[in-house]
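If you're matching them up, the sequences are chains A and B in order.
All letters in the first sequence, in the order written, are residues 57 to 278 by our numbering.
All letters in the second sequence, in the order written, are residues 14 to 552 by our numbering.
I should point out that these hints are in silico values taken from the structure, not numbers from a laboratory.
Please note that the accuracy of each hint is not assured.
Computed beta-carbon distance windows for the label pairs [unchecked claim]:
no. : chain 1 : residue 1 : chain 2 : residue 2 : range
1   : A       : 144       : B       : 331       : 38 to 46 Å
2   : A       : 236       : B       : 279       : 50 to 58 Å
3   : B       : 112       : A       : 99        : 40 to 48 Å
4   : A       : 75        : B       : 331       : 57 to 65 Å
5   : A       : 209       : B       : 119       : 42 to 50 Å
6   : A       : 124       : B       : 234       : 37 to 45 Å
7   : B       : 171       : A       : 144       : 35 to 43 Å
Glycine included, every Cβ here is placed at the ideal spot set by N, Cα and C.
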Amino acid sequence: MSELLAQIAECIEFGKINKAAPFPPQMKGQDGADELTKQAIEEGVIAQDILTEGLMVGMQKVGVKFRENKVFVPQVLMSAKAMSTAMVHLKPFFLSGEVKQKGTFIIGTVEGDLHDIGKNLVSMMVEGNGWKVVDLGTDVKAEQFVAAMKEHENAFVGLSALLTTTMVNMEKITKAIKEELPNAKVAVGGAPVTADFCAKIGADAYSADPQGLVEYLNSQVA
Amino acid sequence: MKGLELIKKAFALEEVERIPWVPFVGVHGGYLTGVDAETYLKSTDEVVKGVSKAIEEYNPDGVPVVFDLQIEAEILGCNLQWAPHNPPAVITHPLANGTSLADLKVPEISDGRIPVAVEATKILREKHPDVALYGLITGPFTLALHLMGTDIFMKLFEAPEEVNAVMEFCTKVGVKMSEYLLDAGCDIIAVVDPMTSQIDPMTFETFVTPYCTEIFDFVRKKEKLSSFFVCGHAQQNIEAMCNCKPDNVSIDENIPLDFVKEIALKKGISFGGNMKLTVVLLMGNEDDSRENAMECLDMGGKKGFILAPGCDLPMDTPPANIKAVSDLVHDPYKQDVVRALEKKESTLEIFNMKDYGQADKVIVDIITLDSESCAPCQYMVEAVKKVAPQFEGVVEWREHAIKKMDAVTFMSSLMVKNIPTICIDGKIAFVSQIPPKSELVAAIQKRINAKLKLKIQQRKSKILLLCSEEAECTGIKQNIHRAITELGKDIEVKVISDKEKMAKYGVAKGPAVVTVNYKLKSEGIEPSLDVMKEWIKEL
Chain A
57 MSELLAQIAE CIEFGKINKA APFPPQMKGQ DGADELTKQA IEEGVIAQDI
107 LTEGLMVGMQ KVGVKFRENK VFVPQVLMSA KAMSTAMVHL KPFFLSGEVK
157 QKGTFIIGTV EGDLHDIGKN LVSMMVEGNG WKVVDLGTDV KAEQFVAAMK
207 EHENAFVGLS ALLTTTMVNM EKITKAIKEE LPNAKVAVGG APVTADFCAK
257 IGADAYSADP QGLVEYLNSQ VA
Chain B
14 MKGLELIKKA FALEEVERIP WVPFVGVHGG YLTGVDAETY LKSTDEVVKG
64 VSKAIEEYNP DGVPVVFDLQ IEAEILGCNL QWAPHNPPAV ITHPLANGTS
114 LADLKVPEIS DGRIPVAVEA TKILREKHPD VALYGLITGP FTLALHLMGT
164 DIFMKLFEAP EEVNAVMEFC TKVGVKMSEY LLDAGCDIIA VVDPMTSQID
214 PMTFETFVTP YCTEIFDFVR KKEKLSSFFV CGHAQQNIEA MCNCKPDNVS
264 IDENIPLDFV KEIALKKGIS FGGNMKLTVV LLMGNEDDSR ENAMECLDMG
314 GKKGFILAPG CDLPMDTPPA NIKAVSDLVH DPYKQDVVRA LEKKESTLEI
364 FNMKDYGQAD KVIVDIITLD SESCAPCQYM VEAVKKVAPQ FEGVVEWREH
414 AIKKMDAVTF MSSLMVKNIP TICIDGKIAF VSQIPPKSEL VAAIQKRINA
464 KLKLKIQQRK SKILLLCSEE AECTGIKQNI HRAITELGKD IEVKVISDKE
514 KMAKYGVAKG PAVVTVNYKL KSEGIEPSLD VMKEWIKEL
């Protein structure tokens with residue numbers, strides 16, 4: 057059984073979606089995340105274990121490799137695709153409450169900014185590490201963030217920006233959130249953002265890569 | 014010498030008397046003349062006014078004519094969202110929304126906003142014959158991403174032929190755009206391909222190299238110069254970029270300049286960059302800008318280097334900051350002043366580290382950005398905080414948040430280069446990675462043991478008795494042993510009677526007595542030259 061979970065983790069790590077997928081070449085013709093997850097459920101493996109000991113293990117490895125510049129965006133996207141293929145099979149268990157997520161993470165690219173590659177990557181990594189992600193999309197205003205946080209109690213929130221001109225909107229949004237919800241935890245990220253900037257605008261966390269955010273979130277609920 | 018001539022010299026890797034300087038003025042030109050980004054990028058007149066103003070204010074050797082990576086995309090059917098302070102953003106991707114590649118045509122010179130760039134080039138060429146004009150084109154990979162959306166990343170693996178076909182088309186567009194701009198009077202074609210920072214070297218070589226190489230070859234055939242601009246974390250691809258044979262590569266602050274210098278020069282290619290756009294030029298003051306520029310100038314050197322910001326200047330970059338850089342570039346005296354100021358800061362207190370960590374307690378220093386704002390820093394501080402009490406007062410720990418100047422000095426004194434770092438008794442122990450508890454405990458314990466060993470060894474001494482004939486020193490030997498016994502000391506006595514060995518101690522004829530006090534000064538580290546000098550002075 058643990059052998060099977062290890063195989064699932066490997067499929068996520070290397071982005072092997074299903075048997076038919078040509079990528080990665082070294083796993084050609086082998087079962088992918090799709091088949092193996094289905095098999096695990098049929099064999100009676102507990103859904104929670106499939107998530108935490110299979111899928112999340114693989115995703116974590118990808119996150120670390122991405123941080124260490126061993127893989128890049130294309131490979132991470134393949135892993136995320138493999139992950140979401142597997143998640144389809146786990147969905148009923150989420151709905152029934154049999155599988156629990158660590159918490160909720162709300163994310164959006166800030167007002168005035170339409171760039172979504174970074175935000176999407178972060179969403180996928182956070183989701184792949186056992187969190188429920190609420191993606192508000194791009195060009196998101198302060199009120200939308202606040203409304204979403206009121207809807208999802210105790211959720212963490214992440215603000216993304218690619219431009220130097222839109223990153224200043226992070227300050228406005230962070231202030232608006234903290235005013236309404238003083239205990240809210242706000243994480244910021246994106247190419248021009250730095251830890252210095254994060255401190256200056258009163259946000260709670262900054263990371264240069266998705267894995268850093270995952271570690272921050274996990275540390276908050278540990 | 015200045016302008017194009019100077020840049021040509023730098024591109025040819027010849028030694029220059031002054032480093033050429035190219036401020037990447039894009040929509041910032043509109044800021045200088047008081048128009049928004051959309052008005053600016055849609056008007057030949059505004060571009061001419063903005064660039065002329067920049068030439069007047071910043072005294073550059075070269076400037077880009079138009080810095081906008083959406084010109085080609087817009088013509089090819091991508092919808093744009095305009096913003097007042099930024100170049101527009103692509104919001105739809107035709108090839109992801111049903112358009113087929115066969116329907117796309119290589120833009121004509123009269124299409125979209127190409128005339129803005131072409132006409133502005135012609136007028137600026139006339140007005141400023143000496144200034145090098147950079148014609149910017151969207152790099153094929155970035156253009157392909159505009160057309161396909163992020164699907165391109167997965168299609169690299171799932172449908173490589175499709176990606177190749179799109180890349181081939183984008184290359185045709187790039188060649189044509191280069192031709193329009195060169196014919197209008199540009200001196201240098203800059204292929205701006207920032208999205209390549211998102212892929213690994215192998216993918217780069219497969220999907221980018223053949224296409225970019227073709228564009229650079231075309232420019233060479235036209236007997237003009239080329240540059241490869243990239244921004245973001247593209248360090249992994251620098252070598253592959255050089256292999257595409259541009260005349261120059263230009264990078265931003267995400268890549269260390271010395272790294273690029275080494276690779277580019279080895280490949281016989283000039284390089285440029287990499288002043289910090291946001292923290293320094295946009296948010297910093299004139300001093301910060303001068304200091305950062307000086308760092309780049311000294312690192313880049315007078316062979317093959319072009320000083321430039323990392324990328325397109327943010328629209329509202331304070332002109333005073335860019336002027337400060339320009340003044341510095343043109344004034345060797347100002348450069349000396351900035352250098353001297355820098356030196357004063359960087360040599361502070363470094364000498365006083367010689368006895369650091371020699372006291373009885375073990376000191377654990379955590380160098381951080383600020384544990385309150387930097388998550389990895391916070392975890393590192395917490396790791397130490399948890400472990401320290403286990404040693405019951407033997408271990409002291411401190412955090413040095415480098416937002417304060419004295420912490421920066423401390424950091425450089427310990428030769429720490431990465432944040433966060435844990436030092437144990439002044440020696441770098443853990444860099445970036447947060448150590449598991451057991452490893453941290455083990456490292457501290459190891460240091461405690463080493464100190465204890467050191468203390469025991471410090472007490473050890475030796476007496477050397479030098480005599481050519483054993484019989485010659487029997488009396489002395491007896492006295493020494495008696496003295497040792499009476500004083501209760503742990504001292505080893507060694508008799509040396511070999512003539513050559515005696516000569517090494519400067520003794521020609523025995524008997525002679527030499528006392529030796531061992532003092533272990535360091536273990537497991539390489540003390541710096543200054544520290545060594547201090548030790549030798551004590552002898």
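Hint numbers contradicted by this structure:
1, 5 and 7
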